[in-house]
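Make the full structure from the sequences, and use the hints.
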Amino acid sequence: MLDGNAIAGTLDDIFGREMTLTMSTCGHCASRGPLAETVVYLRAPGVVVRCRMCQAVLMVVVDRRGTYCVDLRGISALALG
Amino acid sequence: MHISRGFHGRRAEADPARVPPGQYVTDDFPVLSAGPTPRVPLDQWSFSMRGEVDEERRWSWEEFQALPRDDVTVDIHCVTKWSKLDTSWGGVSVDTLLDGVDTEATHVLAFCDGGYTTNLPLADVTGGRAWVAFAYDGQPLDPEHGGPARLLVPHLYFWKSAKWVRGLELRSDDEPGFWESYGYHNYGDPWREQRYAGD
Amino acid sequence: MKWRFATVADVHPETGRTTSIALRVPGWGGHLAGQHVDVRLTAEDGYQAQRSYSIASAPDDDGLVLTVEEIDDGEVSPYLVEELQPGDELELRGPIGGYFVWEESKGGPLLLVAGGSGIAPLRAMLRHRLARNGDVPVRLLYSARKLDEVIYRDELTRAAENDGIDVHLTLTRERPDGWQGYARRIDRDLIAEVAWPPAERPLAYVCGPTPFVEAAADALVSLGHDPGRIRTERFGPTGS
Chain G
1 MLDGNAIAGT LDDIFGREMT LTMSTCGHCA SRGPLAETVV YLRAPGVVVR
51 CRMCQAVLMV VVDRRGTYCV DLRGISALAL G
Chain B
82 MHISRGFHGR RAEADPARVP PGQYVTDDFP VLSAGPTPRV PLDQWSFSMR
132 GEVDEERRWS WEEFQALPRD DVTVDIHCVT KWSKLDTSWG GVSVDTLLDG
182 VDTEATHVLA FCDGGYTTNL PLADVTGGRA WVAFAYDGQP LDPEHGGPAR
232 LLVPHLYFWK SAKWVRGLEL RSDDEPGFWE SYGYHNYGDP WREQRYAGD
Chain F
281 MKWRFATVAD VHPETGRTTS IALRVPGWGG HLAGQHVDVR LTAEDGYQAQ
331 RSYSIASAPD DDGLVLTVEE IDDGEVSPYL VEELQPGDEL ELRGPIGGYF
381 VWEESKGGPL LLVAGGSGIA PLRAMLRHRL ARNGDVPVRL LYSARKLDEV
431 IYRDELTRAA ENDGIDVHLT LTRERPDGWQ GYARRIDRDL IAEVAWPPAE
481 RPLAYVCGPT PFVEAAADAL VSLGHDPGRI RTERFGPTGS
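Chains as they are written, first to last, in my numbering: chain G, 1 to 81; chain B, 82 to 280; chain F, 281 to 520.
Among these hints, one or two may not hold up.
[What the hints assert, rightly or not] Now the stretches of chain B that chain G is said to cover, found in silico as 3 or more residues with beta-carbon under 8 Å:
#1 103–114
#2 256–266
[Said to hold, decoys possible] Coverage of chain G stretches by chain F, computed from C-beta distances (three or more under 8 Å per stretch; other residues unrestricted):
#3 6–17
#4 36–48
Everything labelled a hint here was simulated from the structure, so no lab data went into it.
Note that the coordinates shown come from a computational prediction; the quantities given were computed from them, not determined experimentally.
Note that the Cβ used here is the ideal one computed from N, Cα and C, for glycine as well.
Right, dumping it as structure tokens:
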């Protein structure tokens, strides 16, 4: 169990920019923090990013043979400056 | 493509006829997880058969242990490409759990501590193809590997063998589970390499 | 972010279990202290494995250095530590990361808390601080199991001879005879003794295995340090 720093490269691939400082708001408990501080499960069929406060799923990334399928439904807001 | 001189990865030799397409055999037992490991005391554990059944059934841990037990040795195949051959499990056949159950259901949704779910056709968890396993390699199943009990459905990719399983919901519709709703294949046959939706 | 090829210039054991790999990376645009690279290995049959490694060298240094700890039964680290030779190519991408980064302009005082191989990115920060010869005070608290597992030991000893740079080791499993330093896992009291009081508003960087980082970060917060001035990076197994 790691943190958002472990997927910094993947997030850069997906969003085209550095994302570890980006603030996200949990759709379940409304807590807000940088993506670097999320709880990341890497050893899975996909990357599962969870809220540090309530453990709700924020984001799931599945690498489908070179194409990233990204589910962001657990995030209610992402502050992209 | 660049080749890293002298790098082999950590893979074991195996009879190719036992290895589905795109898989590598390992001697390890990797721990894959989508969330924190649940810890349920056995006196609070139960297994339920619910949904389209005449009557919901529930077993406590003691009642579950009193059911007829199967010991099986099977090959398992994870969608992340590792396969492990000749793994030994002890548990209760899903056929035993469905014994005497009257149902029109066509599908099941396995539900688990921690919220994980996975869906399967009822036909794929019957006829001696599925178990609720609580022992691995002669020992009680470790929480990291799904203990106290996990579903074991070796003919499909191992994400269908749901860890920390607490029951099966019988249904006449097919409701995608956790990985299925994030783009993995609805059925998951490793021999047809059905990893992702649309494969 | 593109994958590129680096050439191994030197392979240098640091301790019995860790090795520093010096790389020449054509076209490297520089990095910030604390950033990491992703490394990708490909076997002859196309099998690939990928891992992240912190950059242990400062932006001011020549070339890039990665310090790799060999994990028992690891898939990638034994290859990097035991097999890789000068002249070999390594595929990597980076630099990666914007959160776990320190540069002089961020100021201080700077509190660095390292567990085991978590020292690598913090060493880059320390080297950067020394290279810039600035006046930000630094306190490094480094937890290791035994003295011969302390990475960069001589370098850290020399760094501590500078005014304004303090290095504290704590050895959790074994101590040499006559050891005068700390001898336990990091806890609230240990941090309270080493760190500045919250009123000084230090910038804290905590790196190491997940349980270590959580214990240290919780301790800092419980002592009254501003969570917004604590940055964490958790190391752990990533292979599946």
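The segment 256–266 of chain B covered by chain G? Criterion: 3 or more residues, Cβ-Cβ distance below 8 Å.
holds (count 4)
Counting residues of the segment 36–48 of chain G that have a beta-carbon nearer than 8 Å to any beta-carbon of chain F, does the count reach 3?
holds (count 5)
Three-residue Cβ test at 8 Å for the coverage of the segment 103–114 of chain B by chain G
holds (count 4)
Verify this for me: three or more residues of the segment 6–17 of chain G with a beta carbon less than 8 Å from a beta carbon of chain F.
That given contact holds, which follows from 5 residues of the segment 6–17 of chain G lying within Cβ reach (below 8 Å) of chain F.
Of the numbered hints given earlier, the model fails none.
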